[in-house]
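One line per chain: the protein sequences are A and B, in this order.
Count along the first sequence starting at 1, add 131, and that's the number in the working numbering.
Count along the second sequence starting at 1, add 131, and that's the number in the working numbering.
Keep in mind that a hint or two might mislead.
It does not matter which identical chain is used: a pair holds within one copy or between any two.
Stated by the list, open to error - Straight line, CA to CA, 25 Å or less: simulated DSS-like cross-link-like pairs of lysine-lysine: (1) 417 with 152; (2) 587 with 209; (3) 361 with 142; (4) 594 with 158; (5) 729 with 705.
Please keep in mind that the hints were generated in silico from the structure rather than gathered at the bench.
Number of protein chains: 2
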Amino acid sequence: MVTQEFSVVGKRMPDVSGVEKVTGAAKFTSDIYLPGMLIGKVLHSPHAHARIVNIDTSKAERLPGVEAVVTCKDVPKKQYTGCLMNLQSYSGIEVWGVHDVRVLDEKVRYVGDAVAAVAAVNEKVAEEALELIDVEYEQLPAVFDEIEAMKEGAPRIHDVVQRRQDDGTPGDEAVERNIGVHVAHKPVGDVEKGFQEAGYIIEERAYTSKQRQAPLETFQCIASFNAEGKLTLWTQFQVPNLMKRMIAYVFDMPVGMVRAKGEYAGGGFGAGLHLFRVPLCIALAKKSGKPVKLIYSRREEFTDRPTRETFGPYTFKMGVKKDGTITAVDRKVVAMAGAYVEFSGLSSLIATSVGNTVYRRQNYKAEADVVYTNKLPSGAMRGFGNPGETFIREQVMDEAAEKIGMDALEFRLKNLCQLGDPGTFGPDFPLTSIALDECIKIGAEKIGWKEKHGKKKEGVRRKGVGVSCMAHNSGAWPVHVEHSSAHIKFNEDASIVLTVYPATIGTGAYTSLAQVAAEVLGLPFEDVHVVWGDTDVTLWETGSHASRTMYIIGSAVYEAATEAKGKLLNRAAKKLGVAADELDIKDRRIYVKANPGKGIAAAEITKEAIYSHYDVEQFTGSSSYRPSNSPPPYQAVFTEVEVDTETGEVKVLKMVVVSDSGRAINPMTVEGQMEGGAAQGMGYALWEEPVMDTTTGQVLTDDFDTYKIATTLDMPELDTVLVEQPDPTGPFGAKGVGEPGAVNQAASIANAIYDAVGVRIWELPITPEKVIKALKEKKGK
Amino acid sequence: MVTQEFSVVGKRMPDVSGVEKVTGAAKFTSDIYLPGMLIGKVLHSPHAHARIVNIDTSKAERLPGVEAVVTCKDVPKKQYTGCLMNLQSYSGIEVWGVHDVRVLDEKVRYVGDAVAAVAAVNEKVAEEALELIDVEYEQLPAVFDEIEAMKEGAPRIHDVVQRRQDDGTPGDEAVERNIGVHVAHKPVGDVEKGFQEAGYIIEERAYTSKQRQAPLETFQCIASFNAEGKLTLWTQFQVPNLMKRMIAYVFDMPVGMVRAKGEYAGGGFGAGLHLFRVPLCIALAKKSGKPVKLIYSRREEFTDRPTRETFGPYTFKMGVKKDGTITAVDRKVVAMAGAYVEFSGLSSLIATSVGNTVYRRQNYKAEADVVYTNKLPSGAMRGFGNPGETFIREQVMDEAAEKIGMDALEFRLKNLCQLGDPGTFGPDFPLTSIALDECIKIGAEKIGWKEKHGKKKEGVRRKGVGVSCMAHNSGAWPVHVEHSSAHIKFNEDASIVLTVYPATIGTGAYTSLAQVAAEVLGLPFEDVHVVWGDTDVTLWETGSHASRTMYIIGSAVYEAATEAKGKLLNRAAKKLGVAADELDIKDRRIYVKANPGKGIAAAEITKEAIYSHYDVEQFTGSSSYRPSNSPPPYQAVFTEVEVDTETGEVKVLKMVVVSDSGRAINPMTVEGQMEGGAAQGMGYALWEEPVMDTTTGQVLTDDFDTYKIATTLDMPELDTVLVEQPDPTGPFGAKGVGEPGAVNQAASIANAIYDAVGVRIWELPITPEKVIKALKEKKGK
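Start from the sequences, fold in the hints, and give me the full structure.
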């Protein structure tokens, strides 16, 4: 499909941070030491729901080496939300979203919630100090189930929260039935009529898993105030400018007085979108007057850090005609907020949107109740609602195909969305590229669909194949404001410095963005030097979430490079006595397009311009970019499994991931995203299960022994194929990449299990116990 | 003189780095620790002139903890010059200046010259390793006197050096009579005729002192290569981009592969213009494969670091008519190169230029021979040639006035240059401001000139008053290419980040540059955040030398701020429904000039632009600036001294410094420069004297016990007055500031001594011995 010839784009460039990372030279937040820096530690609640009657910190404060102890008396009273994406609108910060969090509150709402914090000269003293804090709690009844929580007389997690009022300011509002947010899409078409026209109606209920982002690097934060009161922060930001804005709001500071600096991060997967305990670290720095480093242990990571959005029941109802036309889709969702709404409102919104660009469905609607309980809050995680919706939708698709006696692939192909159809956010933003049909065809061929699917299986161990298809987004426009920036300067030797600030979470974004710049400018890859990691140095940037980095920041880089190139060619044109538009650059050489033998080294122009006696110039380009669409990346995942009918064990034999993310700027990176995503998706499907003691609310799976994530040894034969249909709105045709990788696995495996043994599992993760239970129930029928 | 009303410019703003520096929070190069970093140490020559026959490093290499030993075999063979100002032209690097230095050579040319270097895990091991290096020297005859060195048969310091050839490439050229450079100005007018028309001719010879820059922080350098071979350097750069270029030349690297990062520096005074031992530190990092930190001891600072340009004899011949008209000036100068030419050619050029803009002299010329000896090379230091020329010129002016029976001030005022007269670099660059007449009048009043000068003195201790006047430059244009840059971005709260890269040598430049930006943009000072200290982050910048910072970088800041302001007002204009040029900003508010009640908060526009749904924008401004002139800052210094005729001791009772640096952007900073300069100038005049053993070439004054610099206790009553005549070409009327402070003291004190006791001292420093000797000689006459 790639027809254009590129020099750097499309090449398999190793990530520029690779050597530094494997040699240990790469710097992470934990590698930063500031003069006089203290170590912070957090005191967590042992109770799921309690009022703090009294805190006596006097003993802790007297411990030598302790420099600050903070409780709710020492922190701003302001309510806010840790969901930084709520800030992606002009009037955002004060009002958007549900403001139900405080830096430290007088109430704790889950086991692990923060009660107080200390800063001391070292970790040992800080930990001793925690033990010296006397807290008197008044325990309150707790609730851990969303359905229970909505019932009359259930414990109230929040009485009043702040929401946007009509006049644009935040205002108090009572919480009814523990529903933190109610998400309701405006219905498209006439859903009831659609169901009436259907030959068959399928309705299912699913329950998804509270998967953990589980980055290798635990939460790290350093907060440091200088003499003028300017705050510098280091943490694993994915959206540093939004974080600055929220910090400024919480601490009543001008935004310009907050500076966010980033080093490499050991993974993100959405965890870096969350304000989390950054304000607490700041409160310690403020009170102690010294820089404070706060590092979470793995146990704290499991018990206090927000987890993936979780749905249950997620009710999916679909009507389909006998000819295979989908006539209506309706979804009713109960979503887990946990103790605070955080990301659960937005992820419910996305979950109930992303299916609209996979299959045509003339009539559809969705509603979600996001419910408070005394559990960990819901954070952001790769896929952001999509894996849950896909898990149920793609099983329902298979059921419908079976009902009407159509091959599951044929049924999907018949209903696929087409070019020009409404995009995720409506008909004003139509689909500009879709290669899902080709993804399905390639994957079917590779998994051996025709030979294997729907055949009768026998024996103790039975094989089956399954499929799942999905669409995601390339950024959140126009739901959210999207603003990305890039700055380019030419050095005197015609190498360039590209200044950008995507997240540093290991996605290789710098490498791919450098490829875009190099391609536009006709330079070899090694001539691009990238500066990142400092909000004072970089232009304003939304950051990395919603698979936006390559599509949106990549476009900003494209624009900035084009501007810098124009200036360079203008000066070269004078020197060469031609018009600038007659020129181009290749291999560091500016040449006349109609007469390539005529030209000049780019470095000769850049050096002359910088050292000119009379006409100094340094060629620069700058872009403040917003997209005009959010073209969905597509993906089909085919899986072959073997199910042991005696033990219920599911073994994934092979997985074929066929991905349409538009042009692959760096195919190695895109494949890497698909491969890592597949592992994460398999964990979601089969193994990752946070277990909570439902009487106390204590998370029992608080390390990697009790909480299993996929390792390379767990991975099946994995075949990753990129179908590169360039999207006309992306830089060199690229679309979003990061999140699709982890979305399809659960449904694809579930469908393969059904193909193997004829049972459907509607609750994640798909453990052997659930398979055995389903097999028994089937037998019993 | 200040007629315009400003909000921030002209205010006495404390330097923003002040609190950080006094609290110890400020970071210097020595505060940087990199993972695996080694400590470098240099082996210095014990001989003034020797050929290295053999170096055996095997024992040193075997010492545990030693990771690299470098000798001349391990370093590039390329010849270069450490005088980075030679790079201020397009074709500069390869050819300009005298290339007579190597990273390590097979010959040593002064006691202290580098022979080898080691990098080891710590300082102790590195020092032990130095002692284990066996060097076999063949000693050569040495010469320590410039006149001797020019004689037939004198030891030859360099046989062949590289100079620019006609075709623009460097070529070998034999050195004749140890003359490294011959500087010859094209004569202006007919000098011989001028002398013929003179009523009186005065001719004197002076010898100046090898003053040390003596920054509180000794030389520090860190060199670190990353996996891609990119080199990052930290040192006390004054011209980081020129340093990058020379490093790239010496090590055959692309300039873009060198990154210079700066922290605060503990003084510069010109020392940071010198490449010095940076290449040696790089050679250690390259060979060891690890980051290397090289820190000089105070002793090394005295024995190996280039010292101030030194002249002797400096012959000054002036013809004057009986009416006081100066008819001709001729200067013949012998300048000390020391072992390498380095800055001595350029400083001789400047020394013999700067007098041209003080007094009108229709016919003048000058020549200088810059002579190699086996002494420390001549580096750059504040004033750069000017203090030497001024020391003799201003005494000759006094002598001439006395000869024709005219008051010394009246004689000066009569001959002062006037607006429109040719500038330092000729009639194409005429004088655009001069307030020296007013400086003289104010100073005379303050010192009590009329009452005190020329009166008969009696007793053992005799008082006298003296004056000295000077002009300097505001940058080196058009002699050198001058290119300064600034970048400004508006944050969402309408605060700004100003990105610039002047030197961080303690001049308070950031504070003053921030004031310029704040004034242009109608913002309070605290809304300006300054980013500096990284050549990848900042735009190309010549740096800080030749008193250029405020005049040239300040202009770049002015331009960048004006551009950013224009963009902001454009958007505001649409909102307010007026034309952009009807708007201005004050106190963070954009208002309609004709109707100040109508307006909008700047932050409302900046926030809306960043978070706009459809029309995102971040207001930025960028400037690549070159000046069109170099208006001289002027200064008159009046001194009252008391001379003890029995001991020869000179006590400075009072010093009045009246300065014309155009508009003082920050009067506190300008005064600070004048006060610090006065101390440095007094040291030059009276105390600072590097003493060398003239048989061995060993520098004997190698610490602050034996080499006396002025302390606050040595300072007299000091009265600093700023005469603020705005220069039309400078930002808000500012001219150069830094160097003038240290130029006038020696001549002013010498003239006061003559006024007190009737003897003239022509050799610096003016020690009691020299005064006594002169008094005896006078008596003997």
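Do the hints match the structure? See the list:
1. 417 with 152: between (33 Å within a copy, 20 Å between copies)
2. 587 with 209: neither (62 Å within a copy, 79 Å between copies)
3. 361 with 142: Close across copies (22 Å), not inside one copy (43 Å); limit 25 Å.
4. 594 with 158: Result: close neither inside a copy nor across copies, 46 Å intra and 65 Å inter.
5. 729 with 705: within (14 Å within a copy, 46 Å between copies)
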